[in-house]
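Peer 1: Listed below, chain by chain, are the residues.
2 protein chains.
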Amino acid sequence: MYNSNGVRRLGNKRKVPLTVIKRLPRYYRYLSELFKNDIGRISSKELSQRMGVTASQIRQDLNFFGGFGQQGYGYNVEYLYNEIGAILGLNKTRKMIIVGAGNLGQALANYKNFRKRGFELAGIFDVREDLIDKEVNGLKIQDFKSLEGFIKENPVDIGILSVPHDQTPSVAEKLVSCGIKALWNFSPMDLKLRQGIVIENVHLSDSLMTLAYKLNRLESDDINC
Amino acid sequence: MYNSNGVRRLGNKRKVPLTVIKRLPRYYRYLSELFKNDIGRISSKELSQRMGVTASQIRQDLNFFGGFGQQGYGYNVEYLYNEIGAILGLNKTRKMIIVGAGNLGQALANYKNFRKRGFELAGIFDVREDLIDKEVNGLKIQDFKSLEGFIKENPVDIGILSVPHDQTPSVAEKLVSCGIKALWNFSPMDLKLRQGIVIENVHLSDSLMTLAYKLNRLESDDINC
Numbered sequence: 001m002y003n004s005n006g007v008r009r010l011g012n013k014r015k016v017p018l019t020v021i022k023r024l025p026r027y028y029r030y031l032s033e034l035f036k037n038d039i040g041r042i043s044s045k046e047l048s049q050r051m052g053v054t055a056s057q058i059r060q061d062l063n064f065f066g067g068f069g070q071q072g073y074g075y076n077v078e079y080l081y082n083e084i085g086a087i088l089g090l091n092k093t094r095k096m097i098i099v100g101a102g103n104l105g106q107a108l109a110n111y112k113n114f115r116k117r118g119f120e121l122a123g124i125f126d127v128r129e130d131l132i133d134k135e136v137n138g139l140k141i142q143d144f145k146s147l148e149g150f151i152k153e154n155p156v157d158i159g160i161l162s163v164p165h166d167q168t169p170s171v172a173e174k175l176v177s178c179g180i181k182a183l184w185n186f187s188p189m190d191l192k193l194r195q196g197i198v199i200e201n202v203h204l205s206d207s208l209m210t211l212a213y214k215l216n217r218l219e220s221d222d223i224n225c
Numbered sequence: 001m002y003n004s005n006g007v008r009r010l011g012n013k014r015k016v017p018l019t020v021i022k023r024l025p026r027y028y029r030y031l032s033e034l035f036k037n038d039i040g041r042i043s044s045k046e047l048s049q050r051m052g053v054t055a056s057q058i059r060q061d062l063n064f065f066g067g068f069g070q071q072g073y074g075y076n077v078e079y080l081y082n083e084i085g086a087i088l089g090l091n092k093t094r095k096m097i098i099v100g101a102g103n104l105g106q107a108l109a110n111y112k113n114f115r116k117r118g119f120e121l122a123g124i125f126d127v128r129e130d131l132i133d134k135e136v137n138g139l140k141i142q143d144f145k146s147l148e149g150f151i152k153e154n155p156v157d158i159g160i161l162s163v164p165h166d167q168t169p170s171v172a173e174k175l176v177s178c179g180i181k182a183l184w185n186f187s188p189m190d191l192k193l194r195q196g197i198v199i200e201n202v203h204l205s206d207s208l209m210t211l212a213y214k215l216n217r218l219e220s221d222d223i224n225c
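Protein chains in written order, with this note's numbering: chain U, 1 to 225; chain D, 1 to 225.
It should be emphasised that the hints constitute simulated quantities derived from the structure, not laboratory data. The model shown is predicted, which means the values in this text are computed figures rather than measured ones. Treat the hints with care, as some may be off.
Copies of the same chain are indistinguishable here, so a pair counts whether it falls within one copy or spans any two.
What the hints assert, rightly or not - Think about it this way: if two alpha-carbon atoms lie no more than 20 angstroms apart in a straight line, the pair counts; the simulated DMTMM-like pairs of lysine to aspartate or glutamate are:
no. : residue 1 : residue 2
1   : K36       : E135
2   : K116      : D38
3   : K92       : D206
4   : K22       : D206
5   : K181      : E219
6   : K22       : D61
7   : K22       : D190
8   : K181      : E78
9   : K45       : D143
10  : K45       : D61
11  : K45       : E33
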């Protein structure tokens with residue numbers, strides 16, 4: 001649940017650009033580090049130096065959610081950390097399942113940061129007989145056929161798709177028909193948005209292409225020196 | 001190498017915001033689909049509808065690189081596809097190695113899209129004896145001890161780090177000391193930028209937190225209905 005401030009702010013439905021939303025997890029990560037290190041207060045300038053963004057961007061971003069800061073006093077780290085967590089919905093536990101227990105699915109199942117953020121892996125499924133019943137991070141891989149029954153017994157918030165490309169649309173349909181409203185898709189095809197379903201498509205090669213761009217720039221700067 | 005247009009444009013060193021750069025791979029993916037489907041020309045309006053961004057953003061973004069479009073005629077798909085590819089440096093082959101051959105490293109080694117974009121996996125390394133000599137996607141996992149010798153014989157552009165959190169800084173140091181200038185880091189700690197090195201830190205949980213935010217919004221909209 002949002003706290004009362006959060007509800008009021010979001011209730012206004014001031015449109016928050018997706019680019020701002022996408023920066024919130026990063027603020028959250030940095031604040032989590034500061035909080036762990038017992039830092040009580042931080043200026044937007046200090047935070048900006050740590051994060052490598054401008055102080056004005058930080059102020060602008062946080063203003064979408066009411067600001068949180070007092071001019072000249074900086075931000076209260078714990079407060080801001082909790083508020084951004086609440087905005088992101090990290091103050092409630094989300095149950096997830098993974099469909100596709102190949103290397104990527106198993107890597108995701110073993111990822112420790114998810115639980116820390118309130119995401120709990122409830123099940124992992126595959127069609128491959130050599131994978132079924134194998135244990136990954138304390139969970140036995142289940143037959144994909146038992147998915148529907150499992151979800152009836154265990155409400156699931158988020159379905160993670162780490163299945164081959166050509167199976168992605170049908171697995172997504174299946175998850176949605178079982179009542180899952182949030183899909184985290186790792187196949188290199190964008191699942192299309194539809195009413196009442198939210199999706200995050202992860203394109204690993206986009207990040208690699210960005211790196212290639214940076215490397216190109218670096219090399220061309222070298223040549224120009 | 002950039003084509004001559006690319007060199008001239010980038011030679012101007014007009015500062016391209018990182019947010020724009022980060023959108024280029026997405027343009028590239030969409031254009032690649034259009035090109036494969038023999039679509040010769042597309043208006044910014046059509047492209048914007050497919051991509052779910054505004055036409056004005058597309059025009060703004062592409063203007064950083066000289067535009068490519070003619071008013072009223074739309075974009076030449078093949079030309080734009082090749083130009084963005086050249087800007088991203090995808091017209092040259094980049095050699096990569098993976099350090100850390102656990103589930104994630106193996107998943108990355110098996111990822112088919114990288115080669116399609118001109119990234120070639122040259123080697124995969126680990127310290128774990130039970131993994132060394134295992135074959136992944138046609139490559140034998142090598143002992144991390146042989147990394148330095150390998151790089152001397154086989155120039156490497158990009159080092160992919162899929163090692164545990166606490167080993168990330170030392171492995172990064174090692175790769176840099178061997179002359180690798182681009183690091184793609186999958187551990188949940190940001191490697192810091194330094195002179196002459198480019199880095200992309202992948203934070204999978206950022207994407208998951210964004211999904212949690214969207215799910216929260218969806219649910220609060222439901223409640224408000």
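Peer 1: From the Cα coordinates, with 20 angstroms as the cut-off, is the pair K181 and E78 best called within, between, both, or neither?
Peer 2: neither (31 angstroms within a copy, 37 angstroms between copies)
Peer 1: Reference check for the pair K45 and D143, CA-CA at most 20 angstroms: within, between, both, or neither?
Peer 2: Answer is neither: 52 angstroms inside a copy and 44 angstroms across each miss the 20 angstroms cutoff.
Peer 1: State whether the alpha carbon distance between K45 and E33 is at most 20 angstroms within one copy, between copies, both, or neither.
Peer 2: Close inside one copy (17 angstroms), not across copies (43 angstroms); limit 20 angstroms.
Peer 1: When Cα atoms must be at most 20 angstroms apart, do K116 and D38 count as within-copy, between-copy, both, or neither?
Peer 2: Within one copy only: 18 angstroms inside, 47 angstroms across.
Peer 1: As a check of your reading, is K22 near D61 (CA-CA no more than 20 angstroms) within one copy, between copies, both or neither?
Peer 2: Intra 11 angstroms, inter 19 angstroms, cutoff 20 angstroms: intra and inter.
Peer 1: Pop the pair K36 and E135 into one bin, within, between, both or neither, using alpha-carbon distances up to 20 angstroms.
Peer 2: For K36 and E135, the Cα distance exceeds 20 angstroms both inside one copy (33 angstroms) and across copies (41 angstroms).
Peer 1: When no copy is named, should K181 and E219 be tagged within, between, both, or neither for a Cα gap of at most 20 angstroms?
Peer 2: Intra 45 angstroms, inter 9 angstroms, cutoff 20 angstroms: inter-copy only.
Peer 1: Is it within, between, both, or neither for K22 and D206, if the alpha carbons may be no more than 20 angstroms apart?
Peer 2: Both: 15 angstroms inside a copy, 8 angstroms across copies.
Peer 1: How would you label the pair K45, D61 (within, between, both, or neither) given a Cα cut-off of 20 angstroms?
Peer 2: within (14 angstroms within a copy, 28 angstroms between copies)
Peer 1: Under a CA distance limit of 20 angstroms, which applies to K92 and D206: within one copy, between copies, both, or neither?
Peer 2: between (30 angstroms within a copy, 16 angstroms between copies)
Peer 1: Tell me, please, which holds for K22 and D190 at an alpha-carbon limit of 20 angstroms: within, between, both or neither?
Peer 2: Cα proximity of K22 and D190: in one copy and across copies (17 angstroms, 16 angstroms).
When each numbered hint is compared with the structure, violations occur for hints 1, 8, 9.
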